Amino acid sequence: MPPPTARAERLVNLVLALLSTRQFLTAERIRTTVAGYEEARTDEAFYRMFERDKAELRELGVPLETGKQSVFDTVDGYRIARGDYELAAIDLAPDEATAVALAARLWDSPQLAGAARTAVTKLRAAGVEVDPAAASEVQPRVRTTEPAFAPLLAAARAGRVVTFTHRSHPAADPRTRTVEPWGVVSYRGRWYLVGHDRDRDDVRCFRLSRIADDVTAVGSRGAVTRPEGVDLLDLVARSAGPPPATGTARVRLVPGRAAGLRRAGRPDPQGDPDVVELDLSRIETLARWIAGHGPDALVLEPPELRAAVIDTLRAARDADAGAPAAELAR
Amino acid sequence: MTAEGVTDRLPRLLTLVPWLLARPGVPVADAAAEFGITESQLRRDLELLWMCGLPGYGPGDLVDLSFEGDTVTVVYDAGLSRPLRMSGPEAATLAVALRALADAPGVADTDAVQRALAKIEQASGQATDGPVEDAVAVGLGRAPGNAAAEAAVRDGVARHRALRLTYYSASRDAVGRRDVDPMRLLLVDGSTYLEAWCRRAEGVRMFRLDRVDDAEVLDEPSSPPSTATPREVPADAAGLLTPDGRQQLAALRLAPAARWVAEYYPMEDVVADDDGGARVQMRYGDRAWMVRLLLGLGEHVEVLWPAELAAARADRAAEALGAYGS
Numbered sequence: 001m002p003p004p005t006a007r008a009e010r011l012v013n014l015v016l017a018l019l020s021t022r023q024f025l026t027a028e029r030i031r032t033t034v035a036g037y038e039e040a041r042t043d044e045a046f047y048r049m050f051e052r053d054k055a056e057l058r059e060l061g062v063p064l065e066t067g068k069q070s071v072f073d074t075v076d077g078y079r080i081a082r083g084d085y086e087l088a089a090i091d092l093a094p095d096e097a098t099a100v101a102l103a104a105r106l107w108d109s110p111q112l113a114g115a116a117r118t119a120v121t122k123l124r125a126a127g128v129e130v131d132p133a134a135a136s137e138v139q140p141r142v143r144t145t146e147p148a149f150a151p152l153l154a155a156a157r158a159g160r161v162v163t164f165t166h167r168s169h170p171a172a173d174p175r176t177r178t179v180e181p182w183g184v185v186s187y188r189g190r191w192y193l194v195g196h197d198r199d200r201d202d203v204r205c206f207r208l209s210r211i212a213d214d215v216t217a218v219g220s221r222g223a224v225t226r227p228e229g230v231d232l233l234d235l236v237a238r239s240a241g242p243p244p245a246t247g248t249a250r251v252r253l254v255p256g257r258a259a260g261l262r263r264a265g266r267p268d269p270q271g272d273p274d275v276v277e278l279d280l281s282r283i284e285t286l287a288r289w290i291a292g293h294g295p296d297a298l299v300l301e302p303p304e305l306r307a308a309v310i311d312t313l314r315a316a317r318d319a320d321a322g323a324p325a326a327e328l329a330r
Numbered sequence: 001m002t003a004e005g006v007t008d009r010l011p012r013l014l015t016l017v018p019w020l021l022a023r024p025g026v027p028v029a030d031a032a033a034e035f036g037i038t039e040s041q042l043r044r045d046l047e048l049l050w051m052c053g054l055p056g057y058g059p060g061d062l063v064d065l066s067f068e069g070d071t072v073t074v075v076y077d078a079g080l081s082r083p084l085r086m087s088g089p090e091a092a093t094l095a096v097a098l099r100a101l102a103d104a105p106g107v108a109d110t111d112a113v114q115r116a117l118a119k120i121e122q123a124s125g126q127a128t129d130g131p132v133e134d135a136v137a138v139g140l141g142r143a144p145g146n147a148a149a150e151a152a153v154r155d156g157v158a159r160h161r162a163l164r165l166t167y168y169s170a171s172r173d174a175v176g177r178r179d180v181d182p183m184r185l186l187l188v189d190g191s192t193y194l195e196a197w198c199r200r201a202e203g204v205r206m207f208r209l210d211r212v213d214d215a216e217v218l219d220e221p222s223s224p225p226s227t228a229t230p231r232e233v234p235a236d237a238a239g240l241l242t243p244d245g246r247q248q249l250a251a252l253r254l255a256p257a258a259r260w261v262a263e264y265y266p267m268e269d270v271v272a273d274d275d276g277g278a279r280v281q282m283r284y285g286d287r288a289w290m291v292r293l294l295l296g297l298g299e300h301v302e303v304l305w306p307a308e309l310a311a312a313r314a315d316r317a318a319e320a321l322g323a324y325g326s
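So the protein lines, in turn, are chains G and A. Note that the numbering used here has the first sequence beginning at 1, numbered continuously upward. Note that the numbering used here has the second sequence beginning at 1, numbered continuously upward.
There could be a bad hint or two in this list.
SDA-like, lysine to any residue: derived pairs with alpha carbons at most 20 angstroms apart [to be verified]:
#, chain 1, residue 1, chain 2, residue 2
1, G, K54, G, E44
2, G, K54, A, R279
3, G, K54, A, T227
4, G, K54, A, T7
5, G, K54, A, D274
6, G, K68, G, T32
7, G, K54, A, G145
8, G, K54, G, E39
9, G, K54, A, P11
Calculated directly from the structure, the hints in this document are not laboratory data. Note that the structure is predicted; figures quoted are calculated from it, not measured.
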């Protein structure tokens, strides 16, 4: 096998030759004219070499066109249309270039940071001045510390089914899941896998931090196709985001206290400066927040929220009845 | 020399020619830095390109480079005058990041981000076939804060001006005014933070941008003391809040329903119990904040020690029940 340098050289020559021709070049023509292919001593060796080279170019995103030069041709030829190959004209204003520089710094996973870096280098090769260090006083970062991230991204991009061990919440028993991965999503600073859960035959979102370090891609590439029109972010937002408000709570606040509730709430329509209205979705969640303020925040309405807060306060009053003994045992 | 894979080297070679073409006489060292390789690797790339060209491979068909001192100039590009279009993953990582920035309060000029996004998407439009494009998405999902205050903070950071903030402190559950010397803006875990020297606290503090109710750019430079050094960007938002050793420590028993507390707040120690709950040790700075957390958790958390924290919670609960007349 020729050394890698020879292969890189041959591939550059192939790209240059196919870019410079308007005619489709047959494999046989390429073999006799493009430098590097003379190393193939047999037909079989040449075709193996040429197939690998075509696959390499396509993997890289080089748009290889195939076609026949005339109706008399019996085999397909190849060429690269310059307009499809070249990065389209792009002109960024200084503030737009700064935005691109910031965007390229967002990622810390090697897969994503590497792609962002080569994208910026291409822009710079096209004469677009993107200064990678622009706006250095801003540090945007989407962290990817979960070990499951890289294998899941790779599987989603390759369209391969994955299996892994997962806990639905920290205290749950671990289970093995088999999922058709559609993508990975960072939502509110947390990473999720979105896909079709084969065991439950339904769309599911999985927190990456609850997926064990045993992600395995099974099955062939391209076996998974995401249904048309699926919005990954929307799926995660609906699964992990706050539920929509179903009602309104009225809460009386002690003047000068409970600033957080006051900021989150709306002023009282009846004009009482010490009453706020809050969106109510999950009673349990809002009750926990309000109960935390003790006598500084009293629920006026609805009665079921008022009852939930009073229950929480009673439980809090009585929860540590045994605490002094525990203190001794320390 | 370790044999570098063609998959890494070929795209670099194809980008290198137009990159050099746009920068006649560029130092070889600069080119190496741009592509993240050593100077000797770059020289090997140039030697290889010198051997490449158009069929015929006569003197006028080959890529031609001229070297002068430590600089290089492309004399003939053999048709490689523009870079290859962006690949699907390349376009996606930039586009997804730009969409996230557009969504991040205060980090960047949203209008410029939107314009840049439109241009990147247009320029890479032909590359977006295939399933790779949206295998990654980012959403911050935060309610927007005060846009005018965010703009003022960004302005203060960019122009190195001191800021007067009206800030809601979650730990004290109170809104207060403070003058700060801005250092950096950080986007961590989907929230934007201003890292600044707080003149009142005489220390470096993180201010979450959606808790800035008002900001005024002061007519004086930002001048944090030389001892104020930016913190290592933490792995997650919990890292921003990691309390220091001077603060108080409590031992808690979390029932399964309160186990999330151990994921949400930084813990000193977590021992899982068989029932799905856990025993944890947790540091806290402000006792009133801790009592609020404990009150809201009701029967789902037990204070193992200190006893005075347990007593404070019970007293506060009794007082509230009295106010309800229960």
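Hint check results:
Between K54/G and E44/G the alpha-carbon distance is near 15 angstroms, which keeps this suggested pair within the 20 angstroms criterion. Using a Cα cut-off of 20 angstroms, the hinted pair K54/G and R279/A is violated, with the two alpha carbons roughly 59 angstroms apart. Restraint check: the Cα-Cα separation between K54/G and T227/A comes to about 58 angstroms, which exceeds 20 angstroms; the hinted pair is violated. A hinted pair counts as satisfied when its Cα atoms are at most 20 angstroms apart, and K54/G with T7/A qualifies at roughly 13 angstroms.
In summary, the hint linking K54/G to D274/A is not supported, as the alpha carbons are separated by about 58 angstroms, beyond the 20 angstroms threshold. Pair hint K68/G plus T32/G holds up; C-alpha atoms about 18 angstroms apart against a cutoff of 20 angstroms. Note on K54/G and G145/A: the hinted pairing is violated, with a Cα-Cα distance of about 52 angstroms set against a maximum of 20 angstroms. Distance hint between K54/G and E39/G is fulfilled; the C-alpha atoms sit about 17 angstroms from each other, no more than 20 angstroms.
Between K54/G and P11/A the alpha-carbon distance is near 14 angstroms, which keeps this suggested pair within the 20 angstroms criterion.
Hint compliance for this structure: hints 2, 3, 5, 7 are broken, all remaining hints hold.
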